[in-house]
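This is what each chain is made of:
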Amino acid sequence: MSDIVLTDTFKKPLGFHVAVAAAAGAFAGIFIGAAQGSSLLGIVVGALLMGALSFLAIEVLGRSAEKAVRWGILAMFALGGFLFGGLPGLVMGLLFGWFFGWFIYWIGFNRYRAKLVPYLTSGQVLWYYAFRVICGAIFVFLITPIIVVMPLSFNAEDFFTFTPEMLRFDPEGYSLKHYRDFLTNDDWQQALWNSVRIAPAATILSVGFGTLAAIGLSQPHVPFRRAIMAILISPMIVPLIISAAGMYFFYSRIGLQGTYMGVVLAHAVLGIPFVIITVTATLVGFDRSLTRAAANMGADPVTTFFRVQMPLIMPGVISGALFAFITSFDEVVVVLFVGSAGQKTLPWQMFIGLREQISPTILAVATILVVISIGLLTVVEMLRRRSERLRGMSPG
Amino acid sequence: MTDATHDTTARGKPGPMLAADGTPLKRSLARALRMQKIRALLLIAPLLLFVLVTFIAPIADMLFRSVENDIVANTLPDTVEELASWDGASGETPSEAVYQALYFDLFIAAEAKEHTKLGTRLNYEQTGISSLFRSTGRNLDDLGKDYQKTLKKIDKSWDDGAFWYALMSGEGGEEVLESHRLQYMQLIGQSPRSIISRVWCVIRGIFYKACPTALEDIDLNFTPSAEAAQMLPATVAAYSDFAVFTVLADGDVVAEEDPWEAVYAAFAQDLNTSGTVDKIQSYSGPGQAELLAVTENLADLPAPDFKTTFLDIDKDWGKIENWQTIKIYSPKYTSGYFLNSVDLMKTPEGIDARPENQRIYLKLFKRTLFMSLVITGSCILLGYPVAWILANLPARKANLLMILVLLPFWTSLLVRTSAWKIMLQQQGVINDTLVWLGLVADGNRLVMINNQFGTIVAMTHILLPFMILPMYSVMQTIPPTYLRAAKSLGATNWTAFWRVYFLQTVPGIGAGSILVFILSIGYYITPEIVGGTTGTFISNRIAYHISSSLNWGLAAALGTILLGVVLLLYWAYDRIVGIDNVKLG
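These protein sequence lines map, in sequence, to chains A and B.
What the first sequence shows, in this note's numbering, is residues 46 to 441, in sequence order.
What the second sequence shows, in this note's numbering, is residues -18 to 566, in sequence order.
With the rest of the complex left out, here is chain A (with noise of 0.2 Å):
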């Protein structure tokens, strides 16, 4: 796919590509600049720097040095770098110096094109790659806090920005003492063993429960289905504040408030609606047929759901666990409400450490969850491929 080429390449003239490359490098001259001190001699500096580099490696050198003339580039921003500004430096000025040697030669030689049908006018080729920076842009931002986090929690200060010794990637600016303080502090303890209590209780009740009530949803004639099923998606629609106000005055009243048979009740509650969905989203694709067969031949309806039925709707069922999983092990407000002292889980540990701000263990602990996010996402997609697969779908 990306080998077709179509639109051809070709020189692009002078004006065209030593302006470009001007400006281009005159946007990323205002950081430099201003980083530096001055704004408008950094844009001076690198309109000049990558016109004439533009000019040199296109109608000069042109297409044959190519490979020398970019690992020029590269070397000598590299060194720039260096010298203006130490390791850092040298780090941004790789970064820097392979982008500009591989933009030069994309729009010198019109290989911008090259992907694109050929009748587009320039405003239409402008518009498709403004379009996916605007995208990359988005996608930055959605990805960004939680890369930040990683870093930050390596940090052998107690604050919670970068410190110039980490930015110059001095050994001493990190440290492990985060990781160490969450697994040596009773509290962070305490909280990580209640969320191991709690959040497999409350996934296997929300499981157990919701697999049966998904197969009978999905049978064929359910007498009020519509209304059943608003019920039972509701916990995820009401706003856990309301949920959690709802069971701390209901709790109470019964003597579950405080206990961790409450906290477990309450988060199972609000496991069930992925579970549901998930199921019934596997039962949908689901081929009848094949537990007719089952029965024709000779088994009874507790062989054909364990040996038929069950292996096909694993996959549902296990990606709805590890969402009831998930919802539980997150959950803060309505463990806030419904637990007690005795039942403080790691979000909710975390909640009361940013609301005082009191030590950046919280970065550690977050870095190990989205670790452990990972890995879930991990396997759920394995598993929709897989159920997909089963069901005779192609993945896509």
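Keep in mind that a hint or two might mislead.
Quick list of in silico lysine-lysine cross-link-like pairs, DSS-like style, CA-CA up to 25 Å [to be verified]: (1) B/K126 / B/K296; (2) B/K327 / B/K344; (3) A/K56 / A/K112; (4) B/K378 / A/K160; (5) A/K160 / B/K468; (6) B/K98 / B/K313.
These are computed hints drawn from the structure, not numbers from a lab.
Let chain A serve as the given structure and place chain B on it in line with the hints.
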């Protein structure tokens, strides 16, 4: 259905078609269908029951609490009854009978320490009542103490618990006692055990441990005498209160305890009622001699003046507003919490707006709606391009980019909120970067947290996947050929997009918007952490009323309004998208 076959022997002959076992096919099919329905319902029943008990019942309880207001009637039952005939708009304080009822109601309430709760409750409506109740509760003993001293002087036996017990005990007064037991149970907020809870207690007794004996089943070891009740009604009533409290609250024996001061005040009240002296003179029973001795010294026992007593304790008892508040909030159910939630209040003249400085909830509701709309809007703006590019890229690349959407979706809410706190704060990553780039002066760092901006940015990030996923699933089904067809028919890029593509994505936008709006309108954690004071939602106020101000009724009313809005949207979502079509990932 599978066992129903055509009855071949019946073919060609008139009459119903028969199944293999000889029953008419129609009935056989109906039975099979019924069996199927029952089986489906049996599979669903456990979960439905579970959700009803652990989730729907709490919600119903919250709805109930938003109108429930029995604390006034439970704490001051007789006062409320007497107050019914008082005209709040008359400008006069209530009659002596009201103050008298208040004295005895408040006496037992103060002993049970329930009067402060009532004070707190009424304080939500009228500032100052809380301290009024508190101070009054401390000083109610004085009135009875004076009578106690005088009586002791007349005869030593009046200071003796056993003597009182003998005087009050007898037969036929069960009704009086039981009505006071019920009043006491209401006072401490307990109702008689229902049949359901009795059954539950039996089950619990078998598997875990037995329930404590129900208050209504405890033997008080005291029966008021009907004769004494006829002669000294107020005294027997006060003594019954005392007896109930002694056994149920203190766990003591009535006969061994000296009666409390209210009994003496009631006794003085009875003595000064016309006809009592005659009844005493014709009385023959325990304590006859002592009673006769008292009638001879009646001059030393003037009738208690309850109104003056209360005004002496606190002159605020003469304030009409306080009495108006008690009267307005005496019914068992009130719309007061709801009125409060929309910045109105009850006055004797009807419903009125709250003073300017107390109007916060409408503002808060408006802010919640406004910010939820802004968040939904920014989610649409940011989500649309991403969903488009995911739906139009080749599958391999799209799957890779999809991870960038799903990872935040799977990451703990608190992790994302803390990440935004770190990024947005004044010494945070964004400000540091801007300062390093020289775009912002070091002394002039941007304030991006603890305000609306912080809440909007963080919540947009958190809810964005909920917008992208439904949009993506709709866009995936739109064939790219439509756009090309539109263009080849002469449409400009914009027309082709707007009139052909965009219209087809509207269901996705609708689904995502309702989902995001529902989720954001009830958000609590993120506004609490990054919202400061100006970026908080109605949920934060609800949480505040539950855990800090303890005004549960108001919290429930605010919650009910919020729930109403959400359910309305939920219904709309169901109509537009269908709940079955919710997809996760």
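- [ ] Enumerate the violated hints, using their earlier numbering and listing them in ascending order.
- [x] No hint contradicted; all consistent.
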